[in-house]
Amino acid sequence: MIINHPLLGPRDSEEFVYLGSTDLIDRPTNWEEDASSEDFYQYQYIRDNIAGNHRELWYHEQGDQSWLVVTRNTITHEITNVELAQDVSRAMGRGK
Amino acid sequence: MSKTRYSAFKVLKEALTGHKGWEPTWRDAEPKADGYDVIIVGGGGHGLATAYYLAKNHGITNIAVLEKGWIGGGNVGRNTTIIRSNYLLPGNEPFYEFSMQLWENLEQDLNYNAMVSQRGIMNLIHSDAQRDAFIRRGNGMLFADAGCEYLEAKEVKERYPFLDMNNARFPIKAALAQPRGGTVRHDAVAWGYARGASDLGVDIIQNCEVTGFNIENGKCLGLQTTKGDIKAGRVGVCVAGSSGRVMAKAGIKLPIESHVLQAFVTEGLKPVMDNVITFGAGHFYCSQSDKGGLVFGGDIDGYNSYAQRGNLPVVEDVCSGGMAIMPMIGRARLLRMWGGLMDMSMDGSPFIDSTEIDELFFNGGWCYGGFKATPASGYCYAHLLATNSSHEVATAYKLDRFRRGAMIDEKGVGAQPNLH
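In the order they appear, the protein sequences are chains W and S. Counted the way the numbering used here counts, the first sequence spans residues 1 to 96. Counted the way the numbering used here counts, the second sequence spans residues 1001 to 1420.
Wrong hints could be hidden among the right ones.
The calculated lysine to any residue pairs, modelled on SDA-like cross-linking and capped at a C-alpha distance of 25 Å, are [to be verified]: (1) S/1398 x W/73; (2) S/1173 x S/1030; (3) S/1253 x S/1226; (4) S/1253 x W/14; (5) S/1411 x W/14; (6) S/1032 x S/1009; (7) S/1249 x W/14; (8) S/1068 x W/36.
Listed next, the stretches of chain S that the computed footprint assigns to chain W, with coverage defined by at least 3 CB atoms under 8 Å from CB atoms of chain W [what the hints assert, rightly or not]: (9) 1197 to 1209; (10) 1301 to 1312; (11) 1406 to 1419.
Treat the hints as calculated values from the structure; they're not laboratory data. Note that the Cβ used here is the ideal one computed from N, Cα and C, for glycine as well.
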């Protein structure tokens, strides 16, 4: 698979480390509340496990060490979009 | 329907009478209009074993097994055929040892030649730390009566002179062996269980894809399929690899990611290795099939996938692992490679449990270790479906264990499915 890095251009996926769904950006912020344990459980352990277009986090370990959000079809492995994770995170209203 | 008992006498008789007395091994069925007591979704090894043990152990015979394609066309036909019970943790080891005991009696029980070959499995050790870890594992195996054997480097070299004992990065210092481990003809497991279940009255329905669940007031009443709606008293989903896709139709999210694992076989060679050898430090494992091909594999590709094929970087990684430990493999030509889907769970261990929906049960999360578990998985799932309680060796395989902090993490890598 070739990942079209927004800053560096096309790179072999072997240069990257895979983390998982982009949902992992959205870590619960209510950690001081008792009720947060259920939120953290859902965040940490439960996955949508989508068959189709999946937004996922890849870390360019052997490159510029940026985190990317890659939209990839889990049935065909076709990559249709690559964004910088920090842009995605900001758009979600979080810090970088 | 086949009620024929296979025996040497039967083979001889058929040989002398023109082979006219053989019947289909199992009966291909269509859905009954008035439904079933139990429907198993998934006609793989685990699903067929579940149906067999439900009928045999619990006397429930009004059962259907639904299969999207043909039976045994998924992971039971795609694995590398290894059986072993060399786990460490109390939640796992008794279960896998129970499975090993069922393997040992499988052919007699099913009257079917599954070519169970207890040729032994050997895990290589390369460092003091790894030696300590494997000795601990060995003690865990002894506690469960699984048996094990510790081999010094000299013995390893005597038995398998082709191994690179002095690899610069991973010199072989010792090995932990389980002589009772080995291989089984994987397709025959599916066919044998199908035959056993079919003989006991189970309907095996192929080319029947589940498209939805009929759920009312939190209770599962039946299934929507490509062969119409089918009523069910109880539904057991057993589709590891595709669990995410199927359970999503019931609105249930799981602590599972689907990943692709590749496997490889070389051209047929003369007998060169009489056991299974695993190189955990580099993640490569290998055995030789009865046809002579070296069957080997390694790591999963590492990203979410529902494609039954992988990518080339892992091919290179697996082959370099093979070259590091048994350089002779470089002289063999690769004949075939293929991929299968793995339910990678959050702790590397499986689930056999009820769900939040009444009469809907779940079996999955087998990571890349489902084949060896086939008999015990079917046995314990049948126990759960018949009695609504977990079998004593499968009590740890609950879906809510992460909520309770009761994970069964053999490798200790945490909730990172692609590292298990």
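Cross-check of the supplied hints:
1. At most 25 Å may separate the alpha-carbon atoms for a hinted pair to count; residue 1398 of chain S and residue 73 of chain W exceed this at roughly 30 Å.
2. Taken as a hint, the residue 1173 of chain S and residue 1030 of chain S pair is broken in the structure, with Cα atoms around 57 Å apart against an allowance of 25 Å.
3. For a cut-off of 25 Å, the pair hint linking residue 1253 of chain S to residue 1226 of chain S stands: about 23 Å separates their Cα positions.
4. For the proposed pair residue 1253 of chain S and residue 14 of chain W, the alpha carbon gap of about 30 Å is over 25 Å, so the pair is violated.
5. Note on residue 1411 of chain S and residue 14 of chain W: the hinted pairing holds, with a Cα-Cα distance of about 24 Å set against a maximum of 25 Å.
6. In summary, the hint linking residue 1032 of chain S to residue 1009 of chain S is not supported, as the alpha carbons are separated by about 37 Å, beyond the 25 Å threshold.
7. Between residue 1249 of chain S and residue 14 of chain W the alpha-carbon distance is near 34 Å, which puts this suggested pair outside the 25 Å criterion.
8. At most 25 Å may separate the alpha-carbon atoms for a hinted pair to count; residue 1068 of chain S and residue 36 of chain W exceed this at roughly 40 Å.
9. Coverage of the segment 1197 to 1209 of chain S by chain W is violated in this model, with 0 residues showing a Cβ closer than 8 Å to a Cβ of that chain against a need of three.
10. Given as covered by chain W, the segment 1301 to 1312 of chain S passes the check, having 7 residues with a CB less than 8 Å from a CB of that chain where 3 are the minimum.
11. For the segment 1406 to 1419 of chain S, the stated coverage by chain W is satisfied: 4 residues place a CB nearer than 8 Å to a CB of that chain, which reaches the threshold of 3.
Hint violations for this structure: numbers 1, 2, 4, 6, 7, 8, 9, all remaining hints satisfied.
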